[in-house]
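**Q** Chains as they are written, first to last, in our numbering: chain A, 23 to 546; chain B, 806 to 918.
Incorrect hints may appear among the rest.
[Stated by the list, open to error] Some chain B residues judged to face chain A by a derived CB distance under 8 Å, without partners named:
| # | residue |
| --- | --- |
| 1 | T827 |
| 2 | T829 |
| 3 | G831 |
| 4 | A832 |
| 5 | V838 |
| 6 | L841 |
| 7 | L863 |
| 8 | R864 |
| 9 | R871 |
| 10 | A896 |
| 11 | F902 |
[Said to hold, decoys possible] List time: in silico SDA-like cross-link candidates among lysine to any residue, alpha-carbon distance up to 20 Å:
| # | chain 1 | residue 1 | chain 2 | residue 2 |
| --- | --- | --- | --- | --- |
| 12 | B | K913 | B | T827 |
| 13 | A | K451 | B | E810 |
| 14 | A | K451 | B | G878 |
| 15 | A | K451 | B | T827 |
| 16 | A | K451 | B | A888 |
| 17 | A | K451 | B | R890 |
| 18 | A | K451 | B | K913 |
| 19 | A | K215 | A | M323 |
| 20 | A | K377 | A | R290 |
| 21 | A | K100 | B | P900 |
| 22 | A | K451 | B | V892 |
| 23 | A | K100 | A | G118 |
| 24 | A | K336 | A | A325 |
| 25 | A | K215 | A | R195 |
| 26 | A | K336 | A | I117 |
| 27 | A | K215 | A | T199 |
| 28 | A | K100 | A | I143 |
| 29 | A | K336 | B | T827 |
| 30 | A | K336 | A | K451 |
Honestly, the hints are just simulated from the structure, not real lab data.
Beta carbons are placed, not taken as given, at the ideal position from N, Cα and C, and that holds for glycine.
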Amino acid sequence: MTLRIRVQPAHGDASEHRLEGAELIVGRATTASIVIPDHRVSRQHARFLQREGAWWVEDLGARNRTLLNGVPLEHPEKLRAGDRLQVGDAVLRVIGDSEAPDDRDTGLTTSGGDRARMWTINEIHRAIAGPLSVAELLDLILARCFDVLNPEEGVIMLRGPDGALATATSRRRDASTTPVVVPRRLVDEVVGKVQPALVDDAAYDERFAGSASIISSGLRSIVAAPIVDAEGTLGLIMLCSRVAVRRFTQPDLEMLLTIASAAALRVRNLALAEALAARRIVEHELEVAHEVQMAMLPRTMPAYPGLTVSARLKPAHSVGGDLYDVALDADRLWFIVADVAGKSIAAALYMAITKALFRATAHGTADVSEVATRMNEQLARDNDRMMFVTALVGCLDLQSGSVSLVDAGHNPAMLASRDALREILDIPKGTALGVIEHAAYTAARFTLSPHDTLILYTDGLTDARSPDGEMFGEDRVREAMRAVADTLPGSLVAHVIAAVERFAGAAPPEDDLTLLALRYAPAS
Amino acid sequence: MQITEAQQDGVHVIAPSGRIDTTTVGALEARLVPALAVARPRVVVDFSGVEYISSAGLRVLLVAARRVQGTGGGLALCGMGDAVRQVFQLAGFLPLFTIRDTRDAAVKQIAAT
């Protein structure tokens, strides 16, 4: 008995398939005999098989089980004309030989010749509209070229992001894995001049005279078409056979050109969509990294009589490298404000290491210069990428009010006192941490008076830019600090950050900005 | 950012201009890498057209300085304006580089290595 299957997908045109051979697979996979590009269809969804002169249908464990006349298929069932199968959102109707093909599809049925070709084009167009990746689309196109044009080998080459052509997919009738080579001259002809090529007999075609790669593999018939759209050449598709097996003709070339233009339409869009999706994944990972980073900042400030500390880190939109930390250790308060070079995952990891090293070294009887020296030693070890972190590392003795402060390549520390503001000038300039393995750091010592506020910040403040590109700069930073020099740390931090924000306006922040202010009036 | 390159007395001079920051530093790195990939790299980076350099830019120069070490070649910087010099100064990097005021002086220094 001969049966035909009429496939009506959820979207797009119907098609008809004659049941032939021993079995046919229905599924989303491009290797299936009847491809239904629908995400509710499993890659291998169902199978038609011929047993004892009858056709049967079997569900292949599809996620959305195949329905036969509305009933889920539990085991193979014999097919009869008029049966209705549901595969995903597509409806497959079984048609007996006595029924005339649907009027609309008379040109699209069954085997051989022009009709099979039109059917192939139709199927490719439908597949193109489906949820396929570029790789799946190309596999499908090549597979269908094999069905209709019957080559011995075929290949699709596409330009990569760097513009170089590379094999995207290839296929051989004999299923061997030998790569399919496209002769250099053919690439020049088809991609370079954007011209199709029909080479009836490569050995004698003057364009390939002397092209050893072709001659050595036997006399060949080649048909090749550029994959080209309005924006340029995307690649080429080439089919090839030994002359003794198959000679390509002008209609074959026309068929291939139609397929190539259909492919071009979709390849560009899909490639753009895939690049966009990849970028979204990276952006999402950066967001997660950023959240992890923010979670590393102290949530509350240590409480100690007479001590007021306030800090704010305003992150830029990407993963940044700023850091502050404050740790109370008996009668000492350790603090750090730091900035890792660059904005990347690498910078964020380096920042996490910096914080861990600070916590591991800044305690007990350690001296600030010793803390900086040990942090630097660790950060500089095997640092081939030359990541570095600029930092001010300090320790406040809560008994005496004396501060020791190390400058490892950072912006200057400032001291606000009543209405005056000054830079703490006598801190020896040390190299940023991570650069020189055996660098030594020397601390400056000074005593905080009850009205003094120590201010540390990162270059996110000075380097913030207005919408027309002007930098906030050192002078404006100091002006903003001086204006609120006599206020408590919390208010000082808020006002200075607000001044930077006013200046930057709608310009997106390019860098993290961090500000820490500290005041200590020992209980007398 | 624009970058011009020149050969002067056997020294490869790279002259970026504009802002060297996270978004533009890749272009500078792309010029430095091949310039440093020779047997005895002799390279001068001329900053006279540079108005700003971020820490990401400093990092690329540190990598370059490290790469030159032990090759018998040399790397010098020149033409730094106040803003650029201050970024090097703040990071404590002025002692780490050979720095000359003019391109000619820098080329002369490196050509002699």
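**Q** Confirm or reject each hint.
**A** Going down the list of hints, with the structure as the test:
no., hint, verdict
1, T827, "holds, 5 Å"
2, T829, "violated, 12 Å"
3, G831, "violated, 11 Å"
4, A832, "violated, 15 Å"
5, V838, "violated, 13 Å"
6, L841, "violated, 13 Å"
7, L863, "holds, 6 Å"
8, R864, "holds, 4 Å"
9, R871, "holds, 6 Å"
10, A896, "holds, 4 Å"
11, F902, "violated, 11 Å"
12, B:K913 to B:T827, "violated, 31 Å"
13, A:K451 to B:E810, "violated, 34 Å"
14, A:K451 to B:G878, "violated, 29 Å"
15, A:K451 to B:T827, "violated, 25 Å"
16, A:K451 to B:A888, "holds, 18 Å"
17, A:K451 to B:R890, "holds, 15 Å"
18, A:K451 to B:K913, "violated, 30 Å"
19, A:K215 to A:M323, "violated, 69 Å"
20, A:K377 to A:R290, "violated, 46 Å"
21, A:K100 to B:P900, "violated, 87 Å"
22, A:K451 to B:V892, "holds, 13 Å"
23, A:K100 to A:G118, "holds, 13 Å"
24, A:K336 to A:A325, "violated, 23 Å"
25, A:K215 to A:R195, "violated, 29 Å"
26, A:K336 to A:I117, "violated, 68 Å"
27, A:K215 to A:T199, "violated, 30 Å"
28, A:K100 to A:I143, "violated, 31 Å"
29, A:K336 to B:T827, "holds, 18 Å"
30, A:K336 to A:K451, "violated, 26 Å"
Hints 2, 3, 4, 5, 6, 11, 12, 13, 14, 15, 18, 19, 20, 21, 24, 25, 26, 27, 28, 30 from the earlier list are contradicted by this structure; the remaining hints agree with it.
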